[in-house]
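Undergrad: Chain by chain, the residues run as shown.
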Amino acid sequence: DAGITQSPRHKVTETGTPVTLRCHQTENHRYMYWYRQDPGHGLRLIHYSYGVKDTDKGEVSDGYSVSRSKTEDFLLTLESATSSQTSVYFCAIRGPPYIENSNQPQHFGDGTRLSIL
Amino acid sequence: AQSVSQHNHHVILSEAASLELGCNYSYGGTVNLFWYVQYPGQHLQLLLKYFSGDPLVKGIKGFEAEFIKSKFSFNLRKPSVQWSDTAEYFCAFSPWGGSYIPTFGRGTSLIVHP
Chain H
1 DAGITQSPRH KVTETGTPVT LRCHQTENHR YMYWYRQDPG HGLRLIHYSY GVKDTDKGEV
61 SDGYSVSRSK TEDFLLTLES ATSSQTSVYF CAIRGPPYIE NSNQPQHFGD GTRLSIL
Chain R
118 AQSVSQHNHH VILSEAASLE LGCNYSYGGT VNLFWYVQYP GQHLQLLLKY FSGDPLVKGI
178 KGFEAEFIKS KFSFNLRKPS VQWSDTAEYF CAFSPWGGSY IPTFGRGTSL IVHP
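In the order they appear, the protein sequences are chains H and R. Take the first sequence: its position 32, counted from the start at 1, is 32 in my numbering, and no numbers get skipped. Plus 117 on top of the position in the second sequence (first one is 1) and you've got my numbering.
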């Protein structure tokens, strides 16, 4: 399996609190992604990154921000968590690094189960 | 807009039955195609992929998929399912040589009864 670590694996928090999820990779892959998975919706892209300090929005980015200050780390922040953000969050990476027109598949982390009460 | 349609949301089979899960994508150009599997409580794992060449691709655990360009389809098949194939299956594609943002279908939940 690809070297992807998500932390924490489980978190319960209250509405209105800030939450940060971390994705750490050891593969030196260029692309990193944050998805949320909800029943009936499959996987929905929140944000993605195509390099250090280079990020862009996905289809469900409202209420989320990201940062990537190092190749290996991609952080997802919920500035003020709401109950609608209760979900399972997956990080994914895609490589190999810095080769254009790469046709490599994504590799996924184990997920973070986030409950907002 | 790019999209992936997985026609079967829930499939229930008995062991040894044959499986075919439908997947159609909406995009006018050349694509890379993927099937992922997610076992209960786990992350998504790659089952198989198609980039070019033989449109019939074989993946892990006896799965295969056939790309039919004229139908924009990439259906997943397995001749004889096992209880351990119980999982959620996702079809995805990305435009060839361009976007690195795959588009996923909503998934098909497969339950195999022993």
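Do not take every clue at face value.
[Claimed, not checked] Once the Cα atoms are required to be at most 25 Å apart in a straight line, the calculated DMTMM-like pairs of lysine to aspartate or glutamate come out as:
(1) R:Lys166 to R:Glu181
(2) R:Lys166 to H:Glu27
(3) H:Lys11 to R:Asp202
(4) R:Lys166 to H:Glu14
(5) R:Lys188 to R:Glu132
It should be emphasised that the hints constitute simulated quantities derived from the structure, not laboratory data.
Undergrad: Tell me the numbers of any earlier hints that the structure contravenes, in ascending order.
TA: Hints 3, 4 and 5 contradicted; others consistent.
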